[in-house]
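*Asks:* With the hints as your guide, set chain B onto chain A.
Now for the letters of each chain:
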Amino acid sequence: MTRLLPLPVVLPLLGAGISVVVGRSRTAQRVVAISVLSAVTVLSLVLLVHVDREGPLAVQVGGWPAPIGITLVADRLAAIMLAVASLMLLAVLVYAIGQPGAERNHVGFQSVYLVLAAGVAMSFLTGDLFNLYVAFEMMLMASYVLITLGGRRDQVRAGMTYVVISLIASVLFLSAIAFAYSATGTVNLADLAVKLQDVPDGVRSGLAALLLVVFGIKAALFPLFFWLPDSYPTAPSPVTAIFAGLLTKVGIYAIIRTQTLLFPGDTPKALLLAIAGATMLVGVLGAIAQGDVKRILSFHIVSQIGYMVMGLGIFTAAGIAGAVIYVIHHIVVKTTLFLTGGLIEHVGGSGRLTRLGGMVRTNPALAVLFILPALSLAGIPPLSGFVAKFALVDAGVADDQYVVVAVSLLVSLMTLFSMLKIWTGVFWTRADEEPDEPGHPVGVLGGPVLMVVPTAVLVTLSLAIAVAAAPLYSLSLRAADDLLDPARYVAVVLG
Amino acid sequence: MSVLLAATAALLFAMGTWLLLQRQLSRIIIGVGLVGHGANLLLITSGRRGVAPLIGTADESAFADPLPQALVLTGIVITFGVTTFLLALAYRSWLLTKGDEVEDDIEDRIIGRQGALDEEVQDHDVADVPGGDTEPEPAAEAAP
Numbered sequence: 001m002t003r004l005l006p007l008p009v010v011l012p013l014l015g016a017g018i019s020v021v022v023g024r025s026r027t028a029q030r031v032v033a034i035s036v037l038s039a040v041t042v043l044s045l046v047l048l049v050h051v052d053r054e055g056p057l058a059v060q061v062g063g064w065p066a067p068i069g070i071t072l073v074a075d076r077l078a079a080i081m082l083a084v085a086s087l088m089l090l091a092v093l094v095y096a097i098g099q100p101g102a103e104r105n106h107v108g109f110q111s112v113y114l115v116l117a118a119g120v121a122m123s124f125l126t127g128d129l130f131n132l133y134v135a136f137e138m139m140l141m142a143s144y145v146l147i148t149l150g151g152r153r154d155q156v157r158a159g160m161t162y163v164v165i166s167l168i169a170s171v172l173f174l175s176a177i178a179f180a181y182s183a184t185g186t187v188n189l190a191d192l193a194v195k196l197q198d199v200p201d202g203v204r205s206g207l208a209a210l211l212l213v214v215f216g217i218k219a220a221l222f223p224l225f226f227w228l229p230d231s232y233p234t235a236p237s238p239v240t241a242i243f244a245g246l247l248t249k250v251g252i253y254a255i256i257r258t259q260t261l262l263f264p265g266d267t268p269k270a271l272l273l274a275i276a277g278a279t280m281l282v283g284v285l286g287a288i289a290q291g292d293v294k295r296i297l298s299f300h301i302v303s304q305i306g307y308m309v310m311g312l313g314i315f316t317a318a319g320i321a322g323a324v325i326y327v328i329h330h331i332v333v334k335t336t337l338f339l340t341g342g343l344i345e346h347v348g349g350s351g352r353l354t355r356l357g358g359m360v361r362t363n364p365a366l367a368v369l370f371i372l373p374a375l376s377l378a379g380i381p382p383l384s385g386f387v388a389k390f391a392l393v394d395a396g397v398a399d400d401q402y403v404v405v406a407v408s409l410l411v412s413l414m415t416l417f418s419m420l421k422i423w424t425g426v427f428w429t430r431a432d433e434e435p436d437e438p439g440h441p442v443g444v445l446g447g448p449v450l451m452v453v454p455t456a457v458l459v460t461l462s463l464a465i466a467v468a469a470a471p472l473y474s475l476s477l478r479a480a481d482d483l484l485d486p487a488r489y490v491a492v493v494l495g
Numbered sequence: 001m002s003v004l005l006a007a008t009a010a011l012l013f014a015m016g017t018w019l020l021l022q023r024q025l026s027r028i029i030i031g032v033g034l035v036g037h038g039a040n041l042l043l044i045t046s047g048r049r050g051v052a053p054l055i056g057t058a059d060e061s062a063f064a065d066p067l068p069q070a071l072v073l074t075g076i077v078i079t080f081g082v083t084t085f086l087l088a089l090a091y092r093s094w095l096l097t098k099g100d101e102v103e104d105d106i107e108d109r110i111i112g113r114q115g116a117l118d119e120e121v122q123d124h125d126v127a128d129v130p131g132g133d134t135e136p137e138p139a140a141e142a143a144p
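One line per chain: the protein sequences are A and B, in this order.
Under the working numbering, the first sequence has 342 at position 342, and the numbering climbs by one with no breaks.
Under the working numbering, the second sequence has 24 at position 24, and the numbering climbs by one with no breaks.
Here chain A stands alone, though its shape is the one from the complex (with noise of 0.2 Å):
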């Protein structure tokens, strides 16, 4: 089993040397990629079973001992997170094959996607700090190219802010894996997690703090988030979609890694449930403010990142549960959500509330898809997102945070409201204004059968997480114990 640990990051990268190889022929490239991501969403899905059954598994790829070489560990949380974002980024690539545009105009779209599956899926596996920044990089490096892959005026001028925003992140990440060095002389996770015990406290609360702030960028907390619904907009929907679905979250990982397993405890609780509770307000204000269907979903990231930080904030199995869970569900939905988005705007031709309309009328199928993401967005029950907040507020409640809790349940009313904006815009009023550009027939299912069938496939993969909430919190509660016991962390990879 620990044999296979490493396929998940060399597959994609393999996969994308080869796609460069069979450049010439866009067919080629497609059964490279969906081969390879199909093949790397089943291995997570064994792994995700198998870690689940006997414990977290370590590799020390190269046969360097622990705090030395390069170390792979898959626990719980890695390993859902791998299994969630390998499904997503299989869905999403078959919904860009079937989209006009991004897949088809570039030859490099395939391979450089394959190499941004090969990051996330590192930066969940790494036990080790610099390994963590290579991945980041590898991830961040794959996405300035997605992002700025049209060439457009506004992608050109958003993808210079994302890529300086995020050189600074990695620059802050760079100095703090130096001064981790030079206090502990070890980059390893596990290793860090025995020899930050006899660190100064104060020289402790700094490091926890500076990574704070190294992945508060990367996540999009307040108030480090301005960069994200400004950028994340301008490119296709599906890169989009996966930016949203995926690259926040790695951020969100990499908080929850850090803070629990070499800083448990040093990070104030009442300093991360206020940027929780400011992140979650700031961000539903934004999305209320805008009449964009992309720029709305965009600043709700925001928001919803507020949610898994409370989870954090929290620091009590049953809080990081609620998070592990509302990561789950949040990457699916938010990913359903921005696909929807680009069926919009592929099918009545705009982006701007103003410019659609009538599309219940005209696309009932559509107005599904979007409908289900969107309540679930909101936490209404039955579906995904109330299970989320449900674990939440719960945890919250049981803890006495009620004010962060308060928070959380206005701002769900919030996000209805915005999501209703939206509904209302587009699927319900008529248009006010001719759209930028003709749109697209509307087919028996509502758009292209390669865009529908992913997008609906989605919307079904969170209506079963709402049908398989009891085994899915069980497993999300299983994953916050280890998360709360770094011993057996660090027991897996020093041996």
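FYI, nobody ran anything at the bench for these hints, they're computed from the structure.
Note that beta-carbon positions come from the ideal geometry of N, C-alpha and C, so glycine has one too.
Among the hints, a few may not be true.
[What the hints assert, rightly or not] Computed beta-carbon distance windows for the label pairs:
#1 B:ILE76 <-> A:PRO223: 29 to 37 Å
#2 A:LEU7 <-> B:PHE80: 23 to 31 Å
#3 B:GLN22 <-> A:LEU410: 37 to 45 Å
#4 A:ALA487 <-> B:ALA10: 31 to 39 Å
#5 B:GLY81 <-> A:GLY495: 33 to 41 Å
#6 A:VAL403 <-> B:ALA10: 33 to 41 Å
#7 B:PHE80 <-> A:PRO223: 28 to 36 Å
#8 A:GLY206 <-> B:GLY81: 23 to 31 Å
#9 A:VAL107 <-> B:ALA6: 43 to 51 Å
#10 A:LEU420 <-> B:GLN114: 14 to 22 Å
#11 A:ALA487 <-> B:SER2: 28 to 36 Å
#12 A:GLY206 <-> B:ALA70: 19 to 27 Å
*Replies:* Same frame as chain A, but now just chain B:
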């Protein structure tokens, strides 16, 4: 020696930060380069100093720590790659806009103007100015 290196790193960070706060893309890129070098220097100083770590050439306890050097090499390559990409992007931006400035987000300006419009409307209500004023449609201006 390491005080000198630390001071250099601090200086690079300071200059880089100042350049990053400018509006010209070329300055921002130079700023990114400087800050990146600052971080690389910081990483080098984090290890133990000593002679070159070649087994057999000296006593092993006198060796410099080779790990940060390996790390910094990776760091340099990554910073180099991203800076190159950034330069290409800046060139593209110059081709498209014939300017070196970071542009504003148009959508954001529209949203910002909506608040001002609301205030204007209220002012009109109070003064009760009859017709004739041409209220700029915010969405119409959005079209590039």
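*Asks:* Would you mind marking each hint as holding or not holding in the structure?
*Replies:* Here is how each hint holds up against the structure:
no.: 1; hint: B:ILE76 <-> A:PRO223: 29 to 37 Å; result: holds (31 Å)
no.: 2; hint: A:LEU7 <-> B:PHE80: 23 to 31 Å; result: holds (30 Å)
no.: 3; hint: B:GLN22 <-> A:LEU410: 37 to 45 Å; result: holds (40 Å)
no.: 4; hint: A:ALA487 <-> B:ALA10: 31 to 39 Å; result: holds (38 Å)
no.: 5; hint: B:GLY81 <-> A:GLY495: 33 to 41 Å; result: holds (35 Å)
no.: 6; hint: A:VAL403 <-> B:ALA10: 33 to 41 Å; result: holds (39 Å)
no.: 7; hint: B:PHE80 <-> A:PRO223: 28 to 36 Å; result: holds (31 Å)
no.: 8; hint: A:GLY206 <-> B:GLY81: 23 to 31 Å; result: holds (30 Å)
no.: 9; hint: A:VAL107 <-> B:ALA6: 43 to 51 Å; result: holds (47 Å)
no.: 10; hint: A:LEU420 <-> B:GLN114: 14 to 22 Å; result: holds (19 Å)
no.: 11; hint: A:ALA487 <-> B:SER2: 28 to 36 Å; result: holds (35 Å)
no.: 12; hint: A:GLY206 <-> B:ALA70: 19 to 27 Å; result: holds (25 Å)
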